[in-house]
Amino acid sequence: MEQHVLVVFPHPDDEAFGVAGTILSHTQAGTPVTYVCLTLGEMGRNMGRPIIANRETLPSIRKKELEEAARLLGITDLRRFGMRDKTVEFTDQIALQNRLFDVIEEVDPSLIITFYPGYAVHPDHDATGAAVIQAVQRLPKGSRPKVHALAFSNGCEEMLGEPDVINDITPYTAQKIKVIEAHTSQTAGMIEAMKQGYKAEDKDIIERLTIERFWTYPVAEGD
Amino acid sequence: MKPIDPKLVQEHLIKVAGQALYIHLETTNGAYATHKNEAFFSAGAFIRNVQLTFLQGKITGKGPYRIGLETEQGWLYAEGLTEWELDSKGRLLLAGHDAEGKLAVALQMSASPFPK
Numbered sequence: 161m162e163q164h165v166l167v168v169f170p171h172p173d174d175e176a177f178g179v180a181g182t183i184l185s186h187t188q189a190g191t192p193v194t195y196v197c198l199t200l201g202e203m204g205r206n207m208g209r210p211i212i213a214n215r216e217t218l219p220s221i222r223k224k225e226l227e228e229a230a231r232l233l234g235i236t237d238l239r240r241f242g243m244r245d246k247t248v249e250f251t252d253q254i255a256l257q258n259r260l261f262d263v264i265e266e267v268d269p270s271l272i273i274t275f276y277p278g279y280a281v282h283p284d285h286d287a288t289g290a291a292v293i294q295a296v297q298r299l300p301k302g303s304r305p306k307v308h309a310l311a312f313s314n315g316c317e318e319m320l321g322e323p324d325v326i327n328d329i330t331p332y333t334a335q336k337i338k339v340i341e342a343h344t345s346q347t348a349g350m351i352e353a354m355k356q357g358y359k360a361e362d363k364d365i366i367e368r369l370t371i372e373r374f375w376t377y378p379v380a381e382g383d
Numbered sequence: 365m366k367p368i369d370p371k372l373v374q375e376h377l378i379k380v381a382g383q384a385l386y387i388h389l390e391t392t393n394g395a396y397a398t399h400k401n402e403a404f405f406s407a408g409a410f411i412r413n414v415q416l417t418f419l420q421g422k423i424t425g426k427g428p429y430r431i432g433l434e435t436e437q438g439w440l441y442a443e444g445l446t447e448w449e450l451d452s453k454g455r456l457l458l459a460g461h462d463a464e465g466k467l468a469v470a471l472q473m474s475a476s477p478f479p480k
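Heads up: the sequence lines are chains F and S, in that order. This note's numbering applies: residue 161 is where the first sequence begins, and numbers increase by one. This note's numbering applies: residue 365 is where the second sequence begins, and numbers increase by one.
None of these hints come from the bench; they were simulated from the model. In this text the structure is predicted, and so the values were computed from the model without any measurement. Ideal Cβ placement from N, Cα and C applies to all residues, glycine included. Treat the hints loosely; a few may be bogus.
Quick partial rundown of chain S residues pointing at chain F, CB under 7 Å, derived from the structure [what the hints assert, rightly or not]:
hint, residue
1, ILE378
2, GLY394
3, GLY454
4, LYS466
5, VAL469
6, ALA470
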C-alpha cells in the first residue's frame with residue numbers, strides 16, 4: 161500500500177483514460193491522492209456533442225467536469241496550476257519544476273504517476289512528464305519516490321520494452337466509465353461507442369477498461 | 365453558438381471597424397491527428413490578445429464562411445467559419461466546427477482583453 165500518491169497531468173480527462181482505475185484502487189484502499197492538473201484544457205477541439213461550449217466558456221465547463229471527476233475518483237486534494245493548454249512546453253521550465261518540487265516536498269508521495277516524457281504524443285504531456293522527472297531528480301538519490309509513467313506513442317513498446325506495471329482494474333471498470341463520462345465536453349462523442357464496445361466484448365475496449373499499464377521511470381539513476 | 369447569419373455578422377463588423385480590438389485567432393487539427401493517422405500532417409496555430417484596428421472587415425462565402433479584415437498595414441484572414449455568437453460581454457465569437465462537431469478554426473474579437 162502506498163503512503164501518498166501524487167498524480168500530475170496537464171489536461172482535465174488525462175486522469176480518466178489510462179489511470180482512473182489505478183487511482184480508484186489507491187483511494188479505495190484509503191491512500192490519499194493529490195492530483196495536480198496544470199491546465200483546464202482551454203484549447204480542446206471537442207465542444208460537446210451536441211455542442212455545449214465555445215472557446216471562452218470551455219475553461220469553466222472543464223473546471224466543473226474536472227471537479228466532478230476528482231470527486232468520483234475519491235480525490236480530496238485537487239490542485240490546479242492555472243497554466244494554459246498547449247503552452248506547457250513553452251512556459252518557464254524552472255518555475256514549473258519549482259512548483260512541482262514544492263508539492264512533492266509537501267505531500268511526500270511514495271508514488272508519482274505522470275506521462276513518460278518523449279512517449280506521450282501531446283507536447284503538453286511530454287513537457288509535464290519531463291518537468292516532474294526533473295523535480296524528482298532534485299531529491300537525493302535514496303529518497304526519490306517511485307515514478308510510474310504512462311506512454312502511448314506509436315512504437316513506444318519497441319523503444320521502452322514492455323510496461324513493467326500492469327494493473328488489473330476490473331473491479332473499477334464501471335467507476336472508470338463514469339469518470340470518463342464526467343468529462344462530457346470532451347468525451348460525449350465517444351462514450352456511447354465505448355459502452356457498447358464494452359458490452360459487445362470488443363477486445364480493445366475491454367482492455368482499455370480493465371488493464372492500466374505503466375513504465376517505472378528510472379529516476380534513481382539520474383544525478 | 366448558432367449557425368452564422370452573415371448579414372448580422374457583417375453589421376457587427378461595420379460597427380466595430382476603426383475600434384482597437386483584442387483578437388483570438390486559431391486553427392488546429394488537434395494534437396492527436398498524426399498519432400491516429402501517420403500520413404496526416406498536423407498543423408495548427410493560435411494567437412491570443414494581439415490588438416488591432418481594422419479599416420474594413422467583410423464576411424463572404426455561402427457557408428462555411430470566410431472573413432477578411434484589412435488593417436492599415438496588413439490583413440487578417442480566417443476560413444471555415446460556421447457558427448457565431450455575440451456573447452454577454454459583447455465579444456464577437458466565430459468558430460468553424462467539422463462534421464463531428466470539433467472546433468477547427470476560431471476567430472474572436474473583443475474591446476477588452478480575453479483572459480490569458
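Evaluation of the provided hints:
With a cut of 7 Å, the hint placing ILE378 (chain S) at the interface with chain F is violated, because the nearest CB-to-CB distance is about 23 Å. The beta carbon of GLY394 (chain S) is positioned within 7 Å of a beta carbon in chain F (closest approach about 5 Å), and the interface hint is therefore held. The interface hint given for GLY454 (chain S) is broken, as the beta carbon of that residue sits about 12 Å from the closest beta carbon of chain F, more than 7 Å. The closest approach between the C-beta of LYS466 (chain S) and any C-beta of chain F is roughly 4 Å, which is under the 7 Å cut-off, so the hint is satisfied.
Proximity of VAL469 (chain S) to chain F is violated relative to the hint, the smallest CB-CB distance being about 10 Å (cut-off 7 Å). Of the supplied interface hints, the one on ALA470 (chain S) holds, with its beta-carbon coming within about 5 Å of a beta-carbon of chain F, less than 7 Å.
Violated hints for the displayed structure, listed by number in ascending order: 1, 3 and 5.
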